[in-house]
Amino acid sequence: MSRPFRHRARWALLAGLLLSACTVEKAPQTAATPDASFAPLKTPLGQVAGMRRLTEAQYRNSIADIFGPDIKVAGRFEPIVRPVHELIATGASASTISPAGLEQFDAMARNIAAQVFAPDRRAQFMPCAPRDAAAPDADCAARTLMPIGRYLFRRPMTQEEIGAFVMMAGKGAGDGQGFYDGMQLALAAMLVSPQFLYIIESAEPDPEAPGSLRLDNHARAARLSYLLWNTTPNEALLRAADEGKLTDPAQLAAIAQKMVRSPRLEDGVRAFFADMLLFEKFDEMAKDQIVYPRFNPDVASALSEQMLRMIVDQLVTRQGDYRDLFTTRRTFINRALGPLYQAKVSSMQGWVPYEFADGDDRAGLLGQAGFLALYSHSGRSSPTLRGRAIRELLLCQPVPNPPGNVNFTAVQDVGNKAMPTARIRLNAHNSDPVCAACHKITDPLGLPLERFDGIGAFRRTENDAPIDTAGVFEGTAFQGNVGLGQALAASKSTTECVAGRAFQYATGRMPEDEEATAMALEQGFAADGYRIQALFLRVATMADAYRVSTPPLAKPQVAMMTSPHIREGDRP
Amino acid sequence: MSFTLDRRTALRGMVNGMAVAVGLPLLDIFLDGNGTAMAATGAPMPIRFGTWFWGLGVNPPRWFPSAAGKDYELKVELASIEALKHKVNILGDFTLPLDGKPNLPHISGGIGIRTGMAIDSDRGLPGPSFDVSIGDVIGTRTRFRSIELSATGDPRNSLSGRGNGNLNPAEVSPAALYTRLFGAGFHDPNSATFTPDPAVMARRSVLSGVSDQRQALEARLGAADRQRLDQYFTSLRQLENQLDVQLTKPAPMQACIVPPKVPDLPVNAEIENVMRNHEIMTDLLVMAMACDNVRLFNMNFNNGASSLTRVGSTITHHQLTHEEVLDNRLGYQPEVTFYVDKCMEAWTYFIKAMDAVKEGDRTLLDNSLVFAHSETEFAKFHTIDNIPMMTAGSAGGRIHTGQYITGDGSPVSRVGLTLQQAMGVPVDRWGTGSLETNKIIPGLIV
Numbered sequence: 001m002s003r004p005f006r007h008r009a010r011w012a013l014l015a016g017l018l019l020s021a022c023t024v025e026k027a028p029q030t031a032a033t034p035d036a037s038f039a040p041l042k043t044p045l046g047q048v049a050g051m052r053r054l055t056e057a058q059y060r061n062s063i064a065d066i067f068g069p070d071i072k073v074a075g076r077f078e079p080i081v082r083p084v085h086e087l088i089a090t091g092a093s094a095s096t097i098s099p100a101g102l103e104q105f106d107a108m109a110r111n112i113a114a115q116v117f118a119p120d121r122r123a124q125f126m127p128c129a130p131r132d133a134a135a136p137d138a139d140c141a142a143r144t145l146m147p148i149g150r151y152l153f154r155r156p157m158t159q160e161e162i163g164a165f166v167m168m169a170g171k172g173a174g175d176g177q178g179f180y181d182g183m184q185l186a187l188a189a190m191l192v193s194p195q196f197l198y199i200i201e202s203a204e205p206d207p208e209a210p211g212s213l214r215l216d217n218h219a220r221a222a223r224l225s226y227l228l229w230n231t232t233p234n235e236a237l238l239r240a241a242d243e244g245k246l247t248d249p250a251q252l253a254a255i256a257q258k259m260v261r262s263p264r265l266e267d268g269v270r271a272f273f274a275d276m277l278l279f280e281k282f283d284e285m286a287k288d289q290i291v292y293p294r295f296n297p298d299v300a301s302a303l304s305e306q307m308l309r310m311i312v313d314q315l316v317t318r319q320g321d322y323r324d325l326f327t328t329r330r331t332f333i334n335r336a337l338g339p340l341y342q343a344k345v346s347s348m349q350g351w352v353p354y355e356f357a358d359g360d361d362r363a364g365l366l367g368q369a370g371f372l373a374l375y376s377h378s379g380r381s382s383p384t385l386r387g388r389a390i391r392e393l394l395l396c397q398p399v400p401n402p403p404g405n406v407n408f409t410a411v412q413d414v415g416n417k418a419m420p421t422a423r424i425r426l427n428a429h430n431s432d433p434v435c436a437a438c439h440k441i442t443d444p445l446g447l448p449l450e451r452f453d454g455i456g457a458f459r460r461t462e463n464d465a466p467i468d469t470a471g472v473f474e475g476t477a478f479q480g481n482v483g484l485g486q487a488l489a490a491s492k493s494t495t496e497c498v499a500g501r502a503f504q505y506a507t508g509r510m511p512e513d514e515e516a517t518a519m520a521l522e523q524g525f526a527a528d529g530y531r532i533q534a535l536f537l538r539v540a541t542m543a544d545a546y547r548v549s550t551p552p553l554a555k556p557q558v559a560m561m562t563s564p565h566i567r568e569g570d571r572p
Numbered sequence: 001m002s003f004t005l006d007r008r009t010a011l012r013g014m015v016n017g018m019a020v021a022v023g024l025p026l027l028d029i030f031l032d033g034n035g036t037a038m039a040a041t042g043a044p045m046p047i048r049f050g051t052w053f054w055g056l057g058v059n060p061p062r063w064f065p066s067a068a069g070k071d072y073e074l075k076v077e078l079a080s081i082e083a084l085k086h087k088v089n090i091l092g093d094f095t096l097p098l099d100g101k102p103n104l105p106h107i108s109g110g111i112g113i114r115t116g117m118a119i120d121s122d123r124g125l126p127g128p129s130f131d132v133s134i135g136d137v138i139g140t141r142t143r144f145r146s147i148e149l150s151a152t153g154d155p156r157n158s159l160s161g162r163g164n165g166n167l168n169p170a171e172v173s174p175a176a177l178y179t180r181l182f183g184a185g186f187h188d189p190n191s192a193t194f195t196p197d198p199a200v201m202a203r204r205s206v207l208s209g210v211s212d213q214r215q216a217l218e219a220r221l222g223a224a225d226r227q228r229l230d231q232y233f234t235s236l237r238q239l240e241n242q243l244d245v246q247l248t249k250p251a252p253m254q255a256c257i258v259p260p261k262v263p264d265l266p267v268n269a270e271i272e273n274v275m276r277n278h279e280i281m282t283d284l285l286v287m288a289m290a291c292d293n294v295r296l297f298n299m300n301f302n303n304g305a306s307s308l309t310r311v312g313s314t315i316t317h318h319q320l321t322h323e324e325v326l327d328n329r330l331g332y333q334p335e336v337t338f339y340v341d342k343c344m345e346a347w348t349y350f351i352k353a354m355d356a357v358k359e360g361d362r363t364l365l366d367n368s369l370v371f372a373h374s375e376t377e378f379a380k381f382h383t384i385d386n387i388p389m390m391t392a393g394s395a396g397g398r399i400h401t402g403q404y405i406t407g408d409g410s411p412v413s414r415v416g417l418t419l420q421q422a423m424g425v426p427v428d429r430w431g432t433g434s435l436e437t438n439k440i441i442p443g444l445i446v
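Residue numbers (the working numbering), protein chains in the order written: chain A, 1 to 572; chain B, 1 to 446.
Don't read these hints as lab results, they were simulated from the structure.
Heads up, some of the hints might be wrong.
[To be verified] Covered stretches of chain A (in silico footprint by chain B; criterion: 3 or more residues with CB under 8 Å from a CB of chain B, positions within the stretch not fixed):
#, region
1, 97–104
2, 168–174
3, 188–195
4, 371–383
Cβ atoms here follow ideal geometry from the backbone N, Cα and C, with glycine treated the same way.
Please work from the sequences and hints to get the whole structure.
Structural data, given as structure tokens:
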């Protein structure tokens, strides 16, 4: 009797702090049950405007936030297909769940449910005790499942949903299985429900524009939370949605502003750049041990982390200008990366800040070994792959695929004394005009990085010949990585690209008028001094992103969605 | 006696050469004389279908037989299938017209063969792959509707799915595959007793509870999302079905022996690891079919733009195909050909493992139809006409075997159409654009 109350008291204390303090945010959200969550959803659910599958990180973060970080999520996640030149976030809005994928989600769900209702943990999540642990108890089941469902579905459950899950708990408790077995089953069912596995964005009539729709309050809460923190909405956000605050532009802006200032923004920024820079490719990266004896699994796993730490430091911690990401000399290294950067780090130190000396060609995002290694072959560097990645990922300028019938003889002969460097070999290769068309786009951006080898280690020569690092971008000639970084920093394409990506990332779709949206966002981004928080805030609050373009469903279908359990008077 | 030996042979690969004690079988009595039906129930033996994919093609002059017909000549790159040549068909000279769409290197070929569609841009499968349509016919009464496998450790390495963002991800770890196939939930079909597991019954009712929520959600959806939701509920229905199967006493299966556990092994693109993982996965899959837990599979040996490597080589299989010089004296790229040979060695292992399982006086391979193909003809130039393809097994007598069949430049979609018809899919026209066809390959179907 006293336990739940103690938790509830703790909750009252937490709720006020949730938006700003990060340490308590890590506590399970369902550790106690605020009274607000006892109410089923009062309004009928609206038309679905979008369905995005949870990514692996979002699933893990959601479970950790809802049930606590000690709950283990064990299993393999069905990968979301990345559409070419787009984000995993846009792939998620087209992704379905295969039988094998669902089988995995089902196994994970049962495992999580068993942990939550294990004897030593269950009291944490229950506001009541069953009258008889060996029998169903609909009342206690409902009181326990309602707040949990509210977190999992990112909105209060409907009366029908509550009824259905309570019935499952009852059935599962029958036949002498006991109350808690039933609760496990009901929770497992919630965890495989499409309402959890998909972020379902639902819409409501827009009073500002009669006849059209806008995202409703709870869809907005999820949008904000997954965009800015890469996790499920917390209690404060859900409550703001319950109270209808998120359809009010001023209140939406105030809440988004608080979220952007939270240390949890780091998680959101990490997830965004990992998506934008194709970090899933790190999982498949292979380097030859004989060519690169310094390369090992510790180095491999440190490469992506180094890039993310550098990005977070520049953009979040220091609230720096996005353009400076391409020129900053500040990064972080650990012991595994020490030899690659010719610096000593003891294993005691972990990750330490590191600053490249003036005059060092190593600066900015492109000077990070992770980028240089990812866009190289397993045994050597590749100006073409690097140049293509810069065009496609950082400038949003897709490069066509190579033609089918290509003669690679000149490029492949790395041992040819007459053509010792990649630049010379590529020049020979480009005597073919079909090839030259694309290499003209890619190579001038990749060749300046040639002083870094296939794992991103510095070198002055290739096959004893000096490396020429001259490059050209948008009509400006420069030298080396430092010059390239300055050229990118000076280009509108760079900032337009990240602004457009942020919109796609937030909405899971390409803007209808892509160029206009990206340009408008870029202008705002510029006015804000190219601060990433400001960009995210802009994307999170722009009215355009919440407007729903899908035509309303036909009338009879709308009628069907009204729950028979909701009385006429409850309708808005 | 020979029966026992075959089964020992089949089992040996599963534990990497460790000696295994195998209980003597008592189950011949379950089959009728010729192995086409089970004596106990009179039900016909299950017919299985599967695909076996390898990336980056072959050296065509060293692989394709010189002349079409029966008793074809085996070229050097196919020499390893010698013992099973009479159970294998070679298919060549089919084309993949793209109707002006780009040839997306290493992508257009495999997807074109599986879906009968030329794709515009790489957004995954543009429609259902034909193995999925076959699964809708043959895969509904087993614990698993299909099993997808990738020996190179990449779950995205799969050409199977229903399109629209749906891709059946591949299992990459032999140890995880073992758990999935033979861990909790597996019932030995030859066990004398059967007690339905109450936990399974409870889960089954939970899943149908989730199914019940379909209508409420569907009413709120536009057409595009409804299609995606349909796919979710198809997956859910299959999961329910798997549980239904677990609640029913399985029919005895003569060749089913529960294999011993497999150890955790390195999973990556290093060729010797891939060979070993492929062998273990093959043995587990074959036994899952012998136990009738699955009738449909997709085995991906390597991926399209193959990332296979070997210790001491500075570049991958894929890069080699483009960059290694054609040896003028040999007439091929020797380093690339090392990998071609490995692919064919693995294919041979696969069909031999299936053929080693006796089902009456037939074998599991005889009661199956396996379709093997690559995504390129000659990888150095990304060519997609004349992509090498094979079938193995006679699908219980529905397919003629032991011939080299040429398409004489007709669209490759004829292959997908013919195989679907052989497996009972009610389809008489398949493919889109120039790939649309209603002409099966007459010499293939009995």
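These are the hints, each one checked on the structure:
1. As drawn, the region 97–104 of chain A meets chain B at 7 residues by the rule of a beta-carbon pair under 8 Å; at three or more, the given contact holds.
2. For the region 168–174 of chain A, the stated coverage by chain B is satisfied: 3 residues place a CB nearer than 8 Å to a CB of that chain, which reaches the threshold of 3.
3. Chain B is given as covering the region 188–195 of chain A, and this holds because 6 residues of the stretch bring a CB closer than 8 Å to a CB of that chain, at least three being needed.
4. Look at the region 371–383 of chain A against chain B: 4 of its residues bring a Cβ nearer than 8 Å to a Cβ of that chain, three or more, so the hint holds.
Going through the hint list in order, the structure satisfies each hint without exception.
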